[in-house]
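Letter 27 of the sequence shown, counting from 1, is numbered 95 in my numbering, and no numbers are missing.
For the record, the hints were derived by calculation from the structure and aren't laboratory data.
Note that the structure is a prediction, hence the values are computed from the model and not measured.
Mixed in with the good hints, there may be bad ones.
[Claimed, not checked] Think about it this way: if two alpha-carbon atoms lie no more than 30 angstroms apart in a straight line, the pair counts; the simulated BS3-like pairs of lysine-lysine are:
hint : residue 1 : residue 2
1    : Lys152    : Lys130
2    : Lys130    : Lys98
3    : Lys141    : Lys98
4    : Lys141    : Lys130
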Amino acid sequence: QLQASGGGSVQAGGSLRLSCRASGGIAGIKDMSWYRQAPGNPRELVASITNGGSTNYADSVKGRFTVSRDNAKLTAYLQMNDLKPEDTAVYYCSANIRLHLVYEDYWGHGTLVTVSS
């Protein structure tokens with residue numbers, strides 16, 4: 069239901085843009101979120117955006133990352149600027165999606181972001 073893309077390897081200070089596209093008979097989407105998990109660490113929320121456009125960010129990425137979405141394309145984006153080595157992780161998108169009667173949380177496969185110093 070969710071396909072994430074856009075990961076890669078960059079040097080510190082560089083930028084990447086992640087995309088998360090939902091597909092498959094979707095009746096509605098509420099929040100869309102980005103999480104990340106570095107080796108040995110628990111998965112953490114990076115940023116989220118409601119279907120109305122309200123956003124929320126982890127303190128560690130405020131001012132550097134921007135979450136957005138295109139509701140017509142059922143796609144969320146994560147623009148990551150001024151990347152740091154500590155941003156290295158597998159990034160996952162998640163969305164609260166209604167296929168039939170109720171909203172449920174879905175997860176996409178992760179996309180790896182590697183930032184070298």
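Okay, the hints, checked on the actual structure:
1. Lys152 <-> Lys130: holds (13 angstroms)
2. Lys130 <-> Lys98: It holds: about 22 angstroms lies between the C-alpha atoms, which stays within 30 angstroms.
3. Lys141 <-> Lys98: holds (14 angstroms)
4. Lys141 <-> Lys130: Roughly 25 angstroms between the alpha carbons, so the hint for Lys141 and Lys130 holds.
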